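Participant: The lines below spell out each chain.
There are 2 protein chains.
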Amino acid sequence: MTDAFPPNLLTKSAAQHLHELPGHSKDAGVDGWLLFSAASVAYLAGYETPIESGPAAYAPHPAALLCMNGEPPELFLADAERLPDPPTSLLVTPFASYTIDRPLPGLSGLIELLLARLRRHAGATIGIEPDETPAAVLTALMAGLPGLQKVDASGALRHLRTIKTLEERALLRAAVRLTDTGQQTAKRMARPGMTEIELYGEIHKSMEMMAGTRVPILPDVLSGTRTAEVGGPPSDRAMAEGELVLIDLVPRLHGYWGDSCNTFAVGEPSSVQRVIMGGIERVLAGAIAMVRPGLLASELHGWMHAEAAKIGPAFAHHAGHGLGVAWHEEPRITSYNDMPLEAGMVIALEPGVYFPGEFGVRKEAIMEVTSTGADVYTGWFDRQ
Amino acid sequence: MTDAFPPNLLTKSAAQHLHELPGHSKDAGVDGWLLFSAASVAYLAGYETPIESGPAAYAPHPAALLCMNGEPPELFLADAERLPDPPTSLLVTPFASYTIDRPLPGLSGLIELLLARLRRHAGATIGIEPDETPAAVLTALMAGLPGLQKVDASGALRHLRTIKTLEERALLRAAVRLTDTGQQTAKRMARPGMTEIELYGEIHKSMEMMAGTRVPILPDVLSGTRTAEVGGPPSDRAMAEGELVLIDLVPRLHGYWGDSCNTFAVGEPSSVQRVIMGGIERVLAGAIAMVRPGLLASELHGWMHAEAAKIGPAFAHHAGHGLGVAWHEEPRITSYNDMPLEAGMVIALEPGVYFPGEFGVRKEAIMEVTSTGADVYTGWFDRQ
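Heads up: the sequence lines are chains A and B, in that order. Residue 167 in the working numbering sits at position 167 of the first sequence, with consecutive numbering throughout. Residue 78 in the working numbering sits at position 78 of the second sequence, with consecutive numbering throughout.
Mixed in with the good hints there might be a few duds.
As the list makes no split between identical chains, a pair holds if one copy fits it or if it spans any two.
[As the list claims (entries may be wrong)] List time: in silico DMTMM-like cross-link candidates among lysine to aspartate or glutamate, alpha-carbon distance up to 25 Å:
hint	residue 1	residue 2
1	Lys187	Glu202
2	Lys150	Glu112
3	Lys12	Asp236
Read the hints as simulated data drawn from the structure, not as lab findings. Please read these numbers as outputs of a predicted model, since none were measured by experiment.
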């Protein structure tokens, strides 16, 4: 990244969240927290779970964070993994994961450590994330510590993450800047005869070179009639002159996820394509202009959907979502969600129209909700 | 991929495994199986879990496979996901995952379906993979179905996967061929001044273009003194003339993992580098020549380690491992493992030496154990 970007921003951000966590225990009805999700260990411990190749044979769950009220927080980290720069308040304790002198231990070493730590908390109530906690761990804790109570803290944690700190906003801005690089590469390199997968290779390479490291990414790369399919990975389809290309890039940088979608023509767009792309840009620009504290997510969705429907078959997906240590979080910009926007939220807005069998257009920008409106992070959209 | 590669080979392979699974129930002491791991759903249902961007907000666990003896096997698949070509014997049942008219349901829809299916199996014993099963599911099943018994079937499943069928060997050969492409790109493109991450971008792009689709990959890309560190992701370090580059590529293609490691010099190697690289190649060639049914994994490890130690500080990692729907499985080629090699195993062998602060050299080839020796899949190694 650029030299101006403080390398330990994720650590600083996590340290602050870690410091504040005990203050939320009462509201959540817990005496402590035992957290396995990639989102939580990034948010609270600054640990970026390696995800690009799936769960590792050596460490299907590489990290677990235990925060008991009144005790130092402790991250249990598979000894095949590293956390180079942990928050100073955090204990980092390795557990056996990669072994060559005996069979792979799985989670047994972690379970032993957790049993030892929790033994002095008989009768405590711990907040967990049941969808992300391995059954092996919970079964062993419940069997070994009969007084231990557990509650689902997933909702409380998601709620905590909705408003972003200064540090998080800087992290998100950097992740969005990375999508700008990807979008610029896409527009510069796309040409007739090139396959979607080759274009994607150029996009991804340019983003990884900017980051100076690997960048996990969730991409939609669609061309021609595929753009009507809303989403999907790059294929070996070759792009043709005059076709539309839809590029949605969701990369992780320093633990935080960027997002961005653009649709453009290979070569010159037809006048129909031009009108529809211009229409969706105006919906996006109008939505950005509406953003302010107090506006309900459902109102924003309703306006965007109604405006898109004036152009064509309007999106059947969310109109937007929060961004953070997960690539889709609160506030979800959806019809049911009466959550009011608040200053410090960082949201994606992504109106689209999709003409089945012909083409689709989606444009997406990321912005911070400020006290007076929106601070747009996405660079390429303004420049169009 | 090449036109010669049957596109439904993963489905065929899974169908066969699915057909044979009930026959293993007695040995495993179970009346059925409930499986969540990416390895198991690929092996038995032909489903390739999308992994490149970590657990999805919409479906932290996208697939669960339920196989009760005497009933058709059923894959529960998040409705945000697709399995275009399931085995004909497999029921595929969607569960709600992505919703826009109400909050995201997490695993609640899946849990409801599992409770309904398992209600008629009161008192049954199901085999599970406790490290990969979400606590939310197991807790709900145990609470809702008090008679249900669970046993850890992870070991039994790993054992099943050790010997590869004809289809699996074709799948692994294709995944290894993909690593050949990556290694050829690495050798062709590496030049003084290029960063590791740029070289990696070219490697990954070439592999994805060959596959015609995204390729999840676990890479070590190290240059200069970093090669002594054994492994690690590409960084923004620039390579210099005469330095060594170590490239270990572990990609997934059609559900199966390839593997391959080469070490070469940018420009001309020094005579010391040449001698050491030649030495490690001879250890690898010697190990390949030893491979035959009946040879113990521990014997193979012992010979390789002793030979590498004659050259320099010998590897402190495994000497090799099985490959399949996981990138590291049995037979682990390690000092403790007295498992005999058998025809139909597909293994990686990867001797190395690492001179701290100077450089490291590792060479790795993949081979099938045949009735008489080894059939080497790795193309670039023979050609050197």
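Participant: Are the hints correct? Go through all of them and say.
Facilitator: Hint by hint, here is what the structure shows:
1. Taking the closest pair of Cα atoms, Lys187 and Glu202 come within 25 Å of each other both inside a single copy (11 Å) and across two copies (19 Å).
2. With identical chains, the CA atoms of Lys150 and Glu112 are at most 25 Å apart both within one copy (18 Å) and between copies (21 Å).
3. Taking identical chains as interchangeable, the C-alpha atoms of Lys12 and Asp236 lie at most 25 Å apart only when they sit on different chains, with a minimum of 23 Å there against 42 Å within one chain.
Checked against the numbered hints listed earlier, the structure breaks none of them; every hint is satisfied.
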